[in-house]
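Produce the complete structure using the sequences and hints provided.
Going line by line, the protein sequences match chains G and E.
Every number in my numbering is 111 more than the matching position in the first sequence, counting from 1.
Every number in my numbering is 1 more than the matching position in the second sequence, counting from 1.
Hints may contain errors.
[Stated by the list, open to error] Coverage of chain G stretches by chain E, computed from C-beta distances (three or more under 8 Å per stretch; other residues unrestricted):
id, stretch
1, 169 to 175
2, 252 to 261
3, 269 to 282
[What the hints assert, rightly or not] Estimated spans, in silico, between C-beta atoms of each pair:
id, chain 1, residue 1, chain 2, residue 2, range
4, E, N32, G, Q164, 43 to 49 Å
5, E, I21, G, E203, 40 to 46 Å
6, E, V98, G, R315, 37 to 43 Å
7, E, S63, G, R133, 52 to 58 Å
8, G, M112, E, D60, 46 to 52 Å
9, G, Q164, E, T31, 45 to 51 Å
10, E, T65, G, H291, 37 to 43 Å
11, G, G124, E, R68, 38 to 44 Å
12, E, K93, G, L153, 34 to 40 Å
The set of hints was computed from the structure by calculation and includes no laboratory data.
These numbers come from a predicted model, not from an experiment.
Even glycine gets a Cβ: it sits at the ideal position worked out from N, Cα and C.
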Amino acid sequence: MDDCGFFGLYGNGALRTSAATRETTIPFRRLLVEESHEWLDLHVFPWLAENLQVTTASLAEFKTCVREIFNNIEDHSTERIGCAHIQWFQNEHKIKISISDFGVGIPTEIRRTYQVSDDAEAIALAIREGISSKRNGRNRGAGLSYLIDNVVRRNGGSVSIHSNRGQLTCWPSATGITQHPQASPGFYPETLVSIELRTDRIERVEEQRESLEW
Amino acid sequence: MVIKVLDLVRHCYTWVDGEIVGRAIRQALTNKEKVVVSFAGVEDVPTSFVNAAFVKLLDDFSYTHIRSNLSVINSTRQINEMIKRRLDFEAKRAESV
Numbered sequence: 112m113d114d115c116g117f118f119g120l121y122g123n124g125a126l127r128t129s130a131a132t133r134e135t136t137i138p139f140r141r142l143l144v145e146e147s148h149e150w151l152d153l154h155v156f157p158w159l160a161e162n163l164q165v166t167t168a169s170l171a172e173f174k175t176c177v178r179e180i181f182n183n184i185e186d187h188s189t190e191r192i193g194c195a196h197i198q199w200f201q202n203e204h205k206i207k208i209s210i211s212d213f214g215v216g217i218p219t220e221i222r223r224t225y226q227v228s229d230d231a232e233a234i235a236l237a238i239r240e241g242i243s244s245k246r247n248g249r250n251r252g253a254g255l256s257y258l259i260d261n262v263v264r265r266n267g268g269s270v271s272i273h274s275n276r277g278q279l280t281c282w283p284s285a286t287g288i289t290q291h292p293q294a295s296p297g298f299y300p301e302t303l304v305s306i307e308l309r310t311d312r313i314e315r316v317e318e319q320r321e322s323l324e325w
Numbered sequence: 002m003v004i005k006v007l008d009l010v011r012h013c014y015t016w017v018d019g020e021i022v023g024r025a026i027r028q029a030l031t032n033k034e035k036v037v038v039s040f041a042g043v044e045d046v047p048t049s050f051v052n053a054a055f056v057k058l059l060d061d062f063s064y065t066h067i068r069s070n071l072s073v074i075n076s077t078r079q080i081n082e083m084i085k086r087r088l089d090f091e092a093k094r095a096e097s098v
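As structure tokens, this is what we get:
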């Protein structure tokens, strides 16, 4: 936590004098939603592509997944700010991306439209395509569904969402995607989305243009 | 009619960007023109952009009409899959209502 800049951003500075950003880390960064898109285009994904030695086209779906989280902040959070951190675990062939917002949390939003028994159920409902707390919402309840489909089904990675008193973890299984909703031991006032990508499962794609075949 | 999205918007990040592109497509389809949308210079698009630019067309045109009169060129796998995914889902949802 010290090396990734957490205490520099949220405490009184680094705990250790030797604390320094590692080459495998994009340190904690607080971003306005409108800053996030160019940050992803110009900094994060070129950095990942270079480290993983793949084209940026190979990472396009995952970049969109992160964009979806920032657009959710735009659509659902009163504070248009997110906080992000990215860590590449080279030996484990994984990338972990964590993004938190400063809104009221998914369960609070979902309860404005749907009746749910607990916060974990609210999160499980929110990831279903077409479910949105806002009638005719801008992403029409498709953003989280797209995220989980691409990270879990396509890449074999996992996604965890913590919000209010609920958490939901999704991982791949023989039948597709296993979801595990559960009560959270603590209260997280906002929403934290943690993505774990498998770098050994990223499909190598050439940078090429194509036409849409209906 | 060819619509180059980056002639209309600086980037394709948000619903607002998509609305601008969607207005141009709707206008051309209303004028009974065949529309070619070029994504030259764009790598990826999120759901909000596609919902505003393409899914909202379903309010005025059938999915069959859109597929017959709209083509997408200079695109990427991600963009094409996103457009198809969102239109397929929303067209099916509209049918089931």
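Tested hints:
{"no.": "1", "hint": "169 to 175", "result": "holds (count 4)"}
{"no.": "2", "hint": "252 to 261", "result": "holds (count 3)"}
{"no.": "3", "hint": "269 to 282", "result": "violated (count 0)"}
{"no.": "4", "hint": "E:N32 to G:Q164: 43 to 49 Å", "result": "holds, 48 Å"}
{"no.": "5", "hint": "E:I21 to G:E203: 40 to 46 Å", "result": "holds, 43 Å"}
{"no.": "6", "hint": "E:V98 to G:R315: 37 to 43 Å", "result": "holds, 41 Å"}
{"no.": "7", "hint": "E:S63 to G:R133: 52 to 58 Å", "result": "holds, 54 Å"}
{"no.": "8", "hint": "G:M112 to E:D60: 46 to 52 Å", "result": "holds, 48 Å"}
{"no.": "9", "hint": "G:Q164 to E:T31: 45 to 51 Å", "result": "holds, 48 Å"}
{"no.": "10", "hint": "E:T65 to G:H291: 37 to 43 Å", "result": "holds, 41 Å"}
{"no.": "11", "hint": "G:G124 to E:R68: 38 to 44 Å", "result": "violated, 58 Å"}
{"no.": "12", "hint": "E:K93 to G:L153: 34 to 40 Å", "result": "holds, 37 Å"}
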